[in-house]
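Engineer: From first to last, the protein sequence lines are chains A and B. Using the working numbering, the letters of the first sequence correspond one by one to residues 6 to 673. Using the working numbering, the letters of the second sequence correspond one by one to residues 358 to 543.
Quick caveat, the hints were computed from the structure, so don't treat them as lab data. Do not take every clue at face value.
Result set (BS3-like, lysine-lysine): computed pairs, CA atoms no more than 25 angstroms apart in a straight line [as the list claims (entries may be wrong)]:
(1) A:LYS317 to A:LYS658
(2) A:LYS661 to A:LYS13
(3) A:LYS101 to A:LYS90
(4) A:LYS405 to B:LYS419
(5) A:LYS365 to A:LYS311
(6) B:LYS430 to A:LYS85
(7) B:LYS514 to A:LYS415
(8) B:LYS514 to B:LYS430
(9) A:LYS405 to A:LYS100
(10) A:LYS101 to A:LYS405
(11) A:LYS13 to A:LYS405
(12) A:LYS101 to B:LYS430
(13) B:LYS430 to A:LYS90
(14) A:LYS658 to B:LYS430
(15) A:LYS661 to A:LYS311
(16) A:LYS90 to B:LYS419
(17) A:LYS658 to B:LYS514
(18) B:LYS430 to A:LYS415
(19) B:LYS514 to A:LYS100
(20) A:LYS365 to B:LYS430
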Amino acid sequence: MAVARMKKITIYATKELRAPIFERLRDLGIFHVTTESSSPRHLGVEEPAEGSASTEPFEIPADIADSLSRLEYLRDYFNKYAPVKRSFIDGFTGKKPGVALNELRRLSSAYDIDEVYEKVRAHEKRLTEISDRLSGLRDEARALLPWRSLDIPLDRVGATETCRSVLAVLPTSALATLEEQATGRATHHEVLWEERSNSGVWLLVYGDSEADVSSFVAGMGGRIVTFKESQVEGATVSDKLRALEAKIQDLVEENESIIAEDRDLSSSMLDVMALIDYYLDKENLERLGGIMPRTAFTLVIEGYVKEKDLDKLRNGLKEFAEMEIVAEDPSPGDDVPVFLENHPIITPFEVITNIFGFPKYDEIDPTPFLAPFFWLFFGICLGDAVYGIALTIGAWWFIKSQGLKAPGDKLPRLLMYCGLSTVLAGALTNSWMADLSSVFLAGTVVERALARLALINPIEDPLTMMVISFAFGILHVWVGIGVNMLGSFRRGEYAEGIWSSGSWLVFLPGLVFWVVSKTGAIQSQVPFYVMAAGALMVMYGASRSQKNILLKPFSGLYGLYGIVAYFSDTLSYSRLLALGLASAIIGVVVNKISELIATMIPVLGWVMVPVILVGGHIFNLVINVLGSFIHAGRLQFVEFFTKFFEGGGTPFKPLKRVSENVSVQAVD
Amino acid sequence: MFGGNSTVWFVAGMAIILVALAIGVFSGPALGGNGLALMGAGIAVFVSGIGSIIGTGITGEKAAAITSEDPEKFGRLLLLQALPGTQGIYGFLVGFLAIFRMGGFSGGLTLDLAQGWQFIFACLPVAISCLLSGIWQAKVSLAGMDIVVTHPEESGKALIMPAMVETYAVLGLLASVLLIMFAVQV
Numbered sequence: 006m007a008v009a010r011m012k013k014i015t016i017y018a019t020k021e022l023r024a025p026i027f028e029r030l031r032d033l034g035i036f037h038v039t040t041e042s043s044s045p046r047h048l049g050v051e052e053p054a055e056g057s058a059s060t061e062p063f064e065i066p067a068d069i070a071d072s073l074s075r076l077e078y079l080r081d082y083f084n085k086y087a088p089v090k091r092s093f094i095d096g097f098t099g100k101k102p103g104v105a106l107n108e109l110r111r112l113s114s115a116y117d118i119d120e121v122y123e124k125v126r127a128h129e130k131r132l133t134e135i136s137d138r139l140s141g142l143r144d145e146a147r148a149l150l151p152w153r154s155l156d157i158p159l160d161r162v163g164a165t166e167t168c169r170s171v172l173a174v175l176p177t178s179a180l181a182t183l184e185e186q187a188t189g190r191a192t193h194h195e196v197l198w199e200e201r202s203n204s205g206v207w208l209l210v211y212g213d214s215e216a217d218v219s220s221f222v223a224g225m226g227g228r229i230v231t232f233k234e235s236q237v238e239g240a241t242v243s244d245k246l247r248a249l250e251a252k253i254q255d256l257v258e259e260n261e262s263i264i265a266e267d268r269d270l271s272s273s274m275l276d277v278m279a280l281i282d283y284y285l286d287k288e289n290l291e292r293l294g295g296i297m298p299r300t301a302f303t304l305v306i307e308g309y310v311k312e313k314d315l316d317k318l319r320n321g322l323k324e325f326a327e328m329e330i331v332a333e334d335p336s337p338g339d340d341v342p343v344f345l346e347n348h349p350i351i352t353p354f355e356v357i358t359n360i361f362g363f364p365k366y367d368e369i370d371p372t373p374f375l376a377p378f379f380w381l382f383f384g385i386c387l388g389d390a391v392y393g394i395a396l397t398i399g400a401w402w403f404i405k406s407q408g409l410k411a412p413g414d415k416l417p418r419l420l421m422y423c424g425l426s427t428v429l430a431g432a433l434t435n436s437w438m439a440d441l442s443s444v445f446l447a448g449t450v451v452e453r454a455l456a457r458l459a460l461i462n463p464i465e466d467p468l469t470m471m472v473i474s475f476a477f478g479i480l481h482v483w484v485g486i487g488v489n490m491l492g493s494f495r496r497g498e499y500a501e502g503i504w505s506s507g508s509w510l511v512f513l514p515g516l517v518f519w520v521v522s523k524t525g526a527i528q529s530q531v532p533f534y535v536m537a538a539g540a541l542m543v544m545y546g547a548s549r550s551q552k553n554i555l556l557k558p559f560s561g562l563y564g565l566y567g568i569v570a571y572f573s574d575t576l577s578y579s580r581l582l583a584l585g586l587a588s589a590i591i592g593v594v595v596n597k598i599s600e601l602i603a604t605m606i607p608v609l610g611w612v613m614v615p616v617i618l619v620g621g622h623i624f625n626l627v628i629n630v631l632g633s634f635i636h637a638g639r640l641q642f643v644e645f646f647t648k649f650f651e652g653g654g655t656p657f658k659p660l661k662r663v664s665e666n667v668s669v670q671a672v673d
Numbered sequence: 358m359f360g361g362n363s364t365v366w367f368v369a370g371m372a373i374i375l376v377a378l379a380i381g382v383f384s385g386p387a388l389g390g391n392g393l394a395l396m397g398a399g400i401a402v403f404v405s406g407i408g409s410i411i412g413t414g415i416t417g418e419k420a421a422a423i424t425s426e427d428p429e430k431f432g433r434l435l436l437l438q439a440l441p442g443t444q445g446i447y448g449f450l451v452g453f454l455a456i457f458r459m460g461g462f463s464g465g466l467t468l469d470l471a472q473g474w475q476f477i478f479a480c481l482p483v484a485i486s487c488l489l490s491g492i493w494q495a496k497v498s499l500a501g502m503d504i505v506v507t508h509p510e511e512s513g514k515a516l517i518m519p520a521m522v523e524t525y526a527v528l529g530l531l532a533s534v535l536l537i538m539f540a541v542q543v
């Protein structure tokens with residue numbers, strides 16, 4: 006129930022064992038490798054004189070880097086055909102497709118990366134060629150298409166012995182005056198196509214030179230069109246178009262067959278993803294091996310293992326003969342990785358602790374202390390029995406349907422638990438989908454039964470609810486101070502614990518009960534004396550570190566000034582009331598609207614009521630689950646943790662198989 | 358027009374409140390108590406609304422931009438966008454309570470001028486605190502989105518920081534609710 010005890014491990018082995026040892030450590034999955042490695046302390050004489058043996062730069066072996074880049078290319082290419090779709094929910098849960106370990110081993114030797122890569126490369130190249138070629142052919146066809154009514158072969162257009170014929174685009178307006186403009190030339194033309202502004206003509210001019218014809222055409226604002234490429238003798242425009250069409254058809258078919266083949270290939274997408282992980286894992290082991298300190302013959306691996314896993318580690322590595330494991334307790338200066346170990350009921354609340362950060366190795370794990378308060382505060386903020394039931398069932402169903410297993414199910418499990426406190430808070434405040442029972446079931450048994458469960462109505466009596474909120478807050482703060490005292494005791498600083506924390510635990514309760522006695526609820530002088538004694542303790546505690554005897558009273562008074570912080574901390578818990586009211590009143594609004602609609606619109610109104618009720622309350626639930634979670638969390642971080650918790654520990658991350666794309670399932 | 362400068366919207370929201378108060382001062386007798394009270398409810402709803410509109414607006418722009426790069430972050434970004442959206446709900450809630458309390462759901466309103474003013478002032482805490490906190494919470498959310506981009510596993514921290522700003526919207530809500538439920542004499 007706390008931060009797991011760790012053993013510091015140093016493994017000495019001959020250099021040749023590097024790869025097998027790292028692979029074994031990875032498969033064991035219990036060893037946290039320290040990457041910011043200190044210099045090997047025990048090597049002494051074995052260390053080579055130059056002392057720089059451990060700093061040779063690390064390079065990823067070429068074959069791994071090669072395979073990785075090829076696989077990533079394949080992944081990107083296949084993604085066009087078989088995109089990996091991850092659902093919205095998977096984005097939250099981080100669920101990945103599973104691959105059996107045996108299958109992965111088989112793939113790593115059976116899947117011919119190079120062959121597929123070369124094939125795909127060739128395909129990609131050919132597809133680009135086809136696409137370029139197709140667009141060229143299509144442009145050509147598009148240019149020819151208007152001229153298809155020209156029924157003489159294209160190679161006959163041009164000069165004859167006495168005439169010159171051209172295909173020209175002329176402004177449509179110039180057609181009527183073509184003969185006049187010809188001034189002295191004998192011309193003949195046939196309009197092949199006509200549009201609003203331009204027309205295509207076959208123009209025959211008697212005798213003129215090429216230059217004259219073009220200046221004649223230019224003079225009318227037109228231009229001469231030529232089709233130079235692939236002139237086939239005797240082919241008309243229609244013939245040419247048919248030939249182009251056939252070529253296009255061939256290319257399109259080739260294109261389709263390549264794409265079909267790619268689609269086939271891309272069915273191995275999952276294999277590619279799995280192999281990427283396989284090589285990433287290799288790369289990771291190489292990288293770790295590369296930065297471990299070593300001498301000419303010896304390799305040093307430093308890291309941590311949970312104390313209870315030490316035997317597992319020794320057993321797992323015992324087959325390596327030329328190797329020695331040194332296990333020792335961490336020394337004070339070490340950055341020991343932190344793993345939280347709590348009772349299964351408490352474990353989901355580690356989510357809250359982890360949002361803030363991990364405790365340091367020698368710190369107290371705050372999770373068990375915050376768990377009951379978070380649970381309670383969340384319930385008060387959401388505060389509706391039906392919402393609570395919905396949240397619990399919803400979270401339970403989510404865990405089941407997504408097949409989540411510990412520790413991946415912490416957040417939904419937390420919400421599932423918090424749904425229960427919400428039911429509790431809702432039942433005690435008679436909030437079942439807000440005041441639905443008194444709106445639609447007024448006077449029935451149901452309404453009376455639900456009302457009998459209730460202790461308080463926060464909408465009509467918010468002051469009582471506010472006092473309750475403050476009371477929980479005060480208790481929360483006291484527990485925080487208490488944990489701080491516990492921490493001091495654990496470190497052996499008993500005086501510190503009693504005077505800086507314990508004193509407040511006398512003073513604050515004294516103060517609170519003294520205030521209560523002033524209201525007449527308690528008839529006793531005891532709280533006053535407790536408060537006075539506590540105040541003196543606080544002042545003494547604050548003045549302990551002040552060396553100057555004359556300044557000691559002022560240090561003490563300043564210490565007492567700390568009451569302001571506790572006061573504002575306590576006021577912060579009024580948010581419990583406010584958020585509870587917010588969710589209750591929005592619920593009331595939804596009910597009110599559906600009531601109005603039911604009475605204002607006959608018959609049809611009653612059809613709309615369920616829609617409005619369900620939609621409105623789901624909206625309210627979602628908005629307020631977010632709000633309740635955040636504010637219940639904030640009360641832990643700002644009001645609670647500041648009393649005792651520092652955080653900033655390094656999380657325990659044992660060396661494991663890389664699973665970026667797929668999750669590898671070991672099969673025994 | 359003002360998209361880049363959220364301060365302008367804060368000033369605009371405050372101007373709306375001042376104009377409403379001026380209308381109350383100069384045309385109070387003509388409006389009557391009912392008119393003043395309803396104006397108060399209106400201020401609570403739409404001045405708080407401005408805070409949330411600007412808040413969810415500017416956070417939504419950035420969320421959409423990040424989502425276009427990395428669609429898987431959508432869920433987390435949506436939460437950050439939703440945070441400055443609660444202010445508008447708080448304002449609506451107070452507006453609703455005010456109408457409820459002045460008898461808007463149970464027959465005619467019969468408020469005198471003094472009661473009308475009481476409703477206006479009871480609505481001001483939520484209006485002003487939500488206007489301000491909506492806009493400034495959005496700025497924290499925007500920065501939090503950078504956390505989601507660079508350290509997705511730390512998204513929880515990005516959610517908590519904007520909640521600090523929201524505290525004051527919650528307190529404004531609480532003040533307005535208490536004023537309307539208990540302080541206003543109907």
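Engineer: Next, verify each hint and record whether it holds.
Structural biologist: Hints, verified against the model:
1. A:LYS317 to A:LYS658: holds (17 angstroms)
2. A:LYS661 to A:LYS13: holds (18 angstroms)
3. A:LYS101 to A:LYS90: holds (11 angstroms)
4. A:LYS405 to B:LYS419: Roughly 34 angstroms between the alpha carbons, so the hint for LYS405 (chain A) and LYS419 (chain B) is violated.
5. A:LYS365 to A:LYS311: The given pair, whose Cα atoms are some 15 angstroms apart, holds under the 25 angstroms limit.
6. B:LYS430 to A:LYS85: holds (21 angstroms)
7. B:LYS514 to A:LYS415: holds (17 angstroms)
8. B:LYS514 to B:LYS430: With a Cα-Cα distance of about 15 angstroms, the restraint between LYS514 (chain B) and LYS430 (chain B) holds, given a limit of 25 angstroms.
9. A:LYS405 to A:LYS100: holds (14 angstroms)
10. A:LYS101 to A:LYS405: Holds, because 16 angstroms separates the two Cα atoms, which is no more than 25 angstroms.
11. A:LYS13 to A:LYS405: violated (38 angstroms)
12. A:LYS101 to B:LYS430: holds (16 angstroms)
13. B:LYS430 to A:LYS90: holds (14 angstroms)
14. A:LYS658 to B:LYS430: holds (24 angstroms)
15. A:LYS661 to A:LYS311: holds (15 angstroms)
16. A:LYS90 to B:LYS419: Roughly 24 angstroms between the alpha carbons, so the hint for LYS90 (chain A) and LYS419 (chain B) holds.
17. A:LYS658 to B:LYS514: holds (20 angstroms)
18. B:LYS430 to A:LYS415: Holds, at roughly 20 angstroms.
19. B:LYS514 to A:LYS100: holds (22 angstroms)
20. A:LYS365 to B:LYS430: violated (30 angstroms)
Hint compliance for this structure: hints 4, 11 and 20 are not met, and every other hint is.
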